[in-house]
Structure formats: C-alpha cells, structure tokens
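Novice: Chain by chain, the residues run as shown.
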Amino acid sequence: MDLTALIIKTIIILVIFGVTLVIAMYSTYAERKVAAFLQDRLGPNRAGPFGLLQPLADAGKMFFKEDFIPAQASKWLFILGPCLAILTALMTSAVIPFGESVKFDNMLIPLQGIEVNIGILYVFGVVSLGVYGIMVGGWASNNKFSLLGAIRAASQNISYEIALGLSIIAILMMTGSLSVSKIVQDQHGFAWNLFNQPLGFIIFLTCAFAECNRTPFDLPECENELIGGYHTEYSSMKLGFYLFAEYINMFISSAIISSLYFGGYNYPGMDWVRENLTASLGTTGHNLATAIGSAVFFGKIFFFIFFFMWVRWTIPRFRYDQLMNLGWKSLIPLAILNIVVTGFGLLYEVKYASWIIVAVMVVLAVASQARAPKGAVSAQKV
Amino acid sequence: MQLTNRSKQVSNKEMTLAEKMYLPAIAQGLAITFSHLFKKRPTIQYPEVKRYLGPVFRGHHVLKRDEEGRERCTACGLCAVACPAEAISMVAAERQKGEEHLYREEKYAAVYEINMLRCIFCGLCEEACPKQAVYLRHDKFVPVFTEREDVIFGKNKLVEDVNNRYVRNNPEVKATPTEPTLSGAAT
Numbered sequence: 001m002d003l004t005a006l007i008i009k010t011i012i013i014l015v016i017f018g019v020t021l022v023i024a025m026y027s028t029y030a031e032r033k034v035a036a037f038l039q040d041r042l043g044p045n046r047a048g049p050f051g052l053l054q055p056l057a058d059a060g061k062m063f064f065k066e067d068f069i070p071a072q073a074s075k076w077l078f079i080l081g082p083c084l085a086i087l088t089a090l091m092t093s094a095v096i097p098f099g100e101s102v103k104f105d106n107m108l109i110p111l112q113g114i115e116v117n118i119g120i121l122y123v124f125g126v127v128s129l130g131v132y133g134i135m136v137g138g139w140a141s142n143n144k145f146s147l148l149g150a151i152r153a154a155s156q157n158i159s160y161e162i163a164l165g166l167s168i169i170a171i172l173m174m175t176g177s178l179s180v181s182k183i184v185q186d187q188h189g190f191a192w193n194l195f196n197q198p199l200g201f202i203i204f205l206t207c208a209f210a211e212c213n214r215t216p217f218d219l220p221e222c223e224n225e226l227i228g229g230y231h232t233e234y235s236s237m238k239l240g241f242y243l244f245a246e247y248i249n250m251f252i253s254s255a256i257i258s259s260l261y262f263g264g265y266n267y268p269g270m271d272w273v274r275e276n277l278t279a280s281l282g283t284t285g286h287n288l289a290t291a292i293g294s295a296v297f298f299g300k301i302f303f304f305i306f307f308f309m310w311v312r313w314t315i316p317r318f319r320y321d322q323l324m325n326l327g328w329k330s331l332i333p334l335a336i337l338n339i340v341v342t343g344f345g346l347l348y349e350v351k352y353a354s355w356i357i358v359a360v361m362v363v364l365a366v367a368s369q370a371r372a373p374k375g376a377v378s379a380q381k382v
Numbered sequence: 001m002q003l004t005n006r007s008k009q010v011s012n013k014e015m016t017l018a019e020k021m022y023l024p025a026i027a028q029g030l031a032i033t034f035s036h037l038f039k040k041r042p043t044i045q046y047p048e049v050k051r052y053l054g055p056v057f058r059g060h061h062v063l064k065r066d067e068e069g070r071e072r073c074t075a076c077g078l079c080a081v082a083c084p085a086e087a088i089s090m091v092a093a094e095r096q097k098g099e100e101h102l103y104r105e106e107k108y109a110a111v112y113e114i115n116m117l118r119c120i121f122c123g124l125c126e127e128a129c130p131k132q133a134v135y136l137r138h139d140k141f142v143p144v145f146t147e148r149e150d151v152i153f154g155k156n157k158l159v160e161d162v163n164n165r166y167v168r169n170n171p172e173v174k175a176t177p178t179e180p181t182l183s184g185a186a187t
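Each protein sequence line maps, in turn, to chains H and C. Be aware that the first sequence starts at 1, since it is given in our numbering, and climbs by one per residue. Be aware that the second sequence starts at 1, since it is given in our numbering, and climbs by one per residue.
To be clear, the hints were calculated from the coordinates, so they are not data collected in a lab. Everything numeric in this text was worked out from a predicted model, so none of it was measured. Idealized CB from N, CA, C, for every residue including glycine. One or more hints might be untrue.
Here are the simulated DSSO-like cross-link-like pairs (lysine-lysine), alpha carbons at most 27 Å apart as the crow flies [unchecked claim]:
#1 H/Lys144 - H/Lys75
#2 C/Lys20 - C/Lys8
#3 C/Lys39 - H/Lys33
#4 H/Lys33 - C/Lys40
#5 C/Lys155 - C/Lys107
#6 C/Lys155 - C/Lys97
#7 C/Lys155 - C/Lys64
#8 H/Lys9 - H/Lys103
#9 H/Lys33 - C/Lys50
#10 H/Lys329 - C/Lys20
#11 C/Lys13 - H/Lys329
#12 H/Lys33 - H/Lys65
#13 C/Lys140 - C/Lys64
#14 C/Lys64 - C/Lys50
#15 H/Lys65 - H/Lys144
Ranges between beta-carbon positions, derived for each pair [what the hints assert, rightly or not]:
#16 C/Asn115 - H/Phe63: 40 to 46 Å
#17 C/Tyr52 - H/Leu288: 51 to 57 Å
#18 H/Leu42 - C/Asn115: 35 to 41 Å
#19 C/Leu3 - H/Glu223: 28 to 34 Å
#20 H/Glu223 - C/Val10: 22 to 28 Å
#21 C/Val142 - H/Ser74: 51 to 57 Å
Construct all of the structure, not just a fragment, from the sequences and the given hints.
Specialist: Below, the structure written as structure tokens:
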C-alpha cells in the first residue's frame, strides 16, 4: 500500500470517527425531539434555530460540572468504566462498510475502516467487551444500586448475546463468509437478507435493543427501581461518556442491522445508476455513485435510529423475569430453529425456507387467539 | 358505583400465543405513537405568545388616575386594613395649593407601598377601596425580582401611566398579546 492509499484510508477512518461522534451527538437531540413529538410536545427549541445547538449546550454543561469520585469508590476502576464503554463503542464502526469504493488514480479503495475477514466476530468481540464498561463502572461505584444495575446489565447482555449470535448464523450460512463487506456485497441490488431471514431479523432487532440497553430492555438504568442504575454515582463528563457510548452503540447497531438485513449501501437500480454515471463522468461518476450508495446507507441507519427512539417512547419496560424468559425460552430456541430450517433450505435449495417458521407461527397465533375465551378481559380496543 | 365504563378488570389469565409473541401488540402501540407525530401541538411559546388569562385575573397592582389624570387614592387606609397579608402600607399627606391637577382629593398618599412577597393577590384591597383607586390588573404579571430591595413596590411602579391607561373591560381586546397594557379610556 503506497502513501496515497494510506492517506486516503486515514481520511476515511477519521471521517468515520467524526461522523460517528456527530451522529451520536445529534442522536441526543433527535431523541428529545422524537420523544416530544410522540408526546404532543415541541422538544428543545430555544438553543439556536429549532434548538439545533442543544447538544453543544448539553456537552458544555457536562464539561463544567463537578467531576466527583465517591470516597469509597475504587478510583481507577471508577475512571476506567466510562473509558471502556466509549472505547468499545467507538471501535465497532471500523469494520462496517459505509459505501462501495472510491476511485483515486485508478486505485479502488473501499469505504471501510478496515477490511477483516472475520468482521462479524470482531463486532461481537468488541460489543461483548462493552459490558465490562458497565460492569466495572457499576462495581467500582461501591453503591448497591449501581451494583444491581451492573449485574442486570451483565446478565442481560450475556443472555441476549447468545440469541444475537445465533440469529446471525443463518445469514452466515447463506453468505458463507464472516466479513461484513462480503455480506453486504451479497445483497446486491434488492436481494436484501430481510427477505430470506425475516425471523432472524426480528430476533436480531430485539437482541440489539437489549444489547444497547434501550427500552423495553433498559433494566440496567431503570430510574424508578435503581435511581440511575450503573451510572448513579457518575457525574460530569464520565456520565457524559456513558450516555454518549449508549448513543454510539445505537448508531452502530443501526448500521449493523442495515448492513446485515437491509442491504447496507445497496438499493434497487444501483447498477443502472453506476453505469450511467461512470459512462458520463468517468472516475467522478464512480465516486458519485458510491456517495449515493453511502447516502442510502445513512438513510437506513437514520431510520433505524428513529425506530429505536420510536420504540423507546412506545413500549414500557420489561420486568426482569419477563426479560429472561423472553431471551432464554423464546429467542434462543427460535434462533436455533431458524438455523436448522435455513440449513434444510440450503440443502434443498429453497431460499425462503425461513418463511415457513413465520407462517407456522402466524397460523398458531391466529388459532390460539380464536380459541382464547372471549370476555371482559379481552385486549382493549383503542 | 360505576362512574365511567373505562375501568378494566385485572386478570392473571394465561396469555395466548399471539399475546406471548408481543409483536401484534407492539405494532399496535407503534401505530398509536406514530399517529401522534402529526397531531397539533397545544404548546404556547410563552415569552413570545401570551395567553389571554380572562377578565378576572388578578395580577400587577395599579393605582388608578381619574379622567383628568389625577390620582384617585385618598390614603384612607381601607385597603391596608382589608389586606389579609398586611402587605400594604401608606403615608398620607395633605394636598397643597397648586397640586389640584395631581390629586383628586384634599388628602393623598405621599407613599404607597406594597410588599410583593407578602401579597397573595386576593383582590380584597380592590373591593375595599371606596375611591376605585387600587386595582389588580388582569393583563400583567408582577415581574420577577431577584434582590430584596426590589420586593417593595412603591408609587413609581404602581401609579398608572397617563399615556397608557389601564382598562379592564375593553371589548376590543379578546386576543392574547397583553404586554404592554391595553390602551383606552379609564374605567
């Protein structure tokens, strides 16, 4: 790799880094706006036009607050907690392909931090490392509520990571590769994995919510039970890092969901666009087509970020036993079933085998609903 | 006794499979919240837009002048007596020659002070006043103060501005923006 390629790669990495931070920053703003709009309010609208400077004001406040470390806390671990959280959150975006490739001096450079052939494994490794940020922080606070929050976070993440991993295996079987860019390339055009793996998508989405500690699975920080959960004792920018890490995780999860199931930068008619642009504009056209693909990818990411927020302001929190029941007794068996059915599908070359499970489940659900006793306690109509 | 028919019996019945899947209920809930995205917001942007509080709102005190611009207050002290919070105090003085255009009666309030920390805005001073001199404006709040010295409002803040008379029953004004005050003739 010569110098130009190295420079371009560096620029790409820095841009991804910056974009991640900016998106995480404005996610806090978007969260408040979405929450407000879903609740018939207006949300922040005083700092700058439409309140657009609100994240800056929040960050400024975070910086100037007193940075307090409790006397009984384990000091170094207390500092290490938020650092780990934000470090792992930022590391994940390295393997996500944000676009096809840019052409520069007849060199094709993929729009990706780093291409590793075990991309998905890397993501899972780093994400599961992220639990330590929460656990270490909660434990080091020397506070019962923090510890409870940390324990909940740890057990929740461990149990949901299994279903998360299992739900992806079906995709890995169909693609035959662990590399994220390979998986995305495989969904060229409109052949998105969503259409082959509807069940896997729902399981992955649910588990992604749990991994990000987002409602309905935000047990580690449920305010009414645990004050602030694992970050009860944190203040100033350490708290800021925790909150920031949560939003970065949300962005990364959205990016991974869109690249695994919604075709990443692929969109219908992409070949036609690329051919026409390259024919008329040459290299610029090639880069332009890549930019369009990236824009599509970011559109998908933004939709999922919105979806995360939408769900947060719709669904109440699960109880802890419900959470565990859902994870261990429903999602993991379903994910395994999905793997088996997909395997049979691959064996007999039926691409849409996974739909069989969905169809059976719908039939069972309708049947159970029909058999259910009708009475005053039936579901309320709104 | 049943007041509404919205109450629901609590039950611990087994959930059906469809309910255990959560997804239909979640989709329903998402649809409800999504529909709220397009609802009209009832928010009023307060400092820029102000609600009309109604003609009976009791706000900032005003010491009225009469039609010729003379102060109506005669410093009888009935408002101070009526005041349950003992917020009003005054010093009476006798009108001198040449001051007839300033004060309506021979006696007037040289000092008229209301302690705004004590005032409970009950409006009893307004009722007690035999000269229709003191009113609580329906269109203006008492401004925020941050210093102890600003707590006591003297005549400089209370006496009506000649060029900007306060009218309570102004049929023209039904709408919201109320600051500065309504203009027009005295009551």
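Novice: Does the alpha-carbon distance linking C/Lys64 and C/Lys50 stay inside the 27 Å limit?
Specialist: Distance ~24 Å between C/Lys64 and C/Lys50 Cα, so the pair holds.
Novice: Given a hinted range of 35 to 41 Å, is it respected by the beta-carbon distance of H/Leu42 and C/Asn115?
Specialist: 37 Å, holds
Novice: Hint check: H/Lys65 vs H/Lys144, CA-CA at most 27 Å. Holds or violated?
Specialist: 24 Å, holds
Novice: What's the verdict on C/Lys13 and H/Lys329, does the C-alpha distance respect the 27 Å limit or exceed it?
Specialist: 20 Å, holds
Novice: Given the hint that C/Lys140 pairs with C/Lys64, test it: the Cα-Cα distance must not exceed 27 Å.
Specialist: 15 Å, holds
Novice: If you check the beta carbons of H/Glu223 and C/Val10, does the distance land in 22 to 28 Å?
Specialist: 25 Å, holds
Novice: Take the C-beta atom of C/Tyr52 and the C-beta atom of H/Leu288, compute their distance, and say whether it sits inside 51 to 57 Å.
Specialist: 56 Å, holds
Novice: Given the range 40 to 46 Å, decide if the beta-carbon distance of C/Asn115 to H/Phe63 lies inside it.
Specialist: 42 Å, holds
Novice: Holds or violated: are the alpha carbons of C/Lys155 and C/Lys107 at most 27 Å from each other?
Specialist: 16 Å, holds
Novice: For the pair supplied as a hint, C/Lys155 and C/Lys64, confirm whether the alpha-carbon distance does not exceed 27 Å.
Specialist: 11 Å, holds
Novice: Taken at face value, is the distance from the CA of H/Lys75 to the CA of H/Lys144 at most 27 Å?
Specialist: 17 Å, holds
Novice: Holds or violated: are the alpha carbons of H/Lys33 and C/Lys50 at most 27 Å from each other?
Specialist: The given pair, whose Cα atoms are some 23 Å apart, holds under the 27 Å limit.
In summary, the structure agrees with every hint in the numbered list given earlier.
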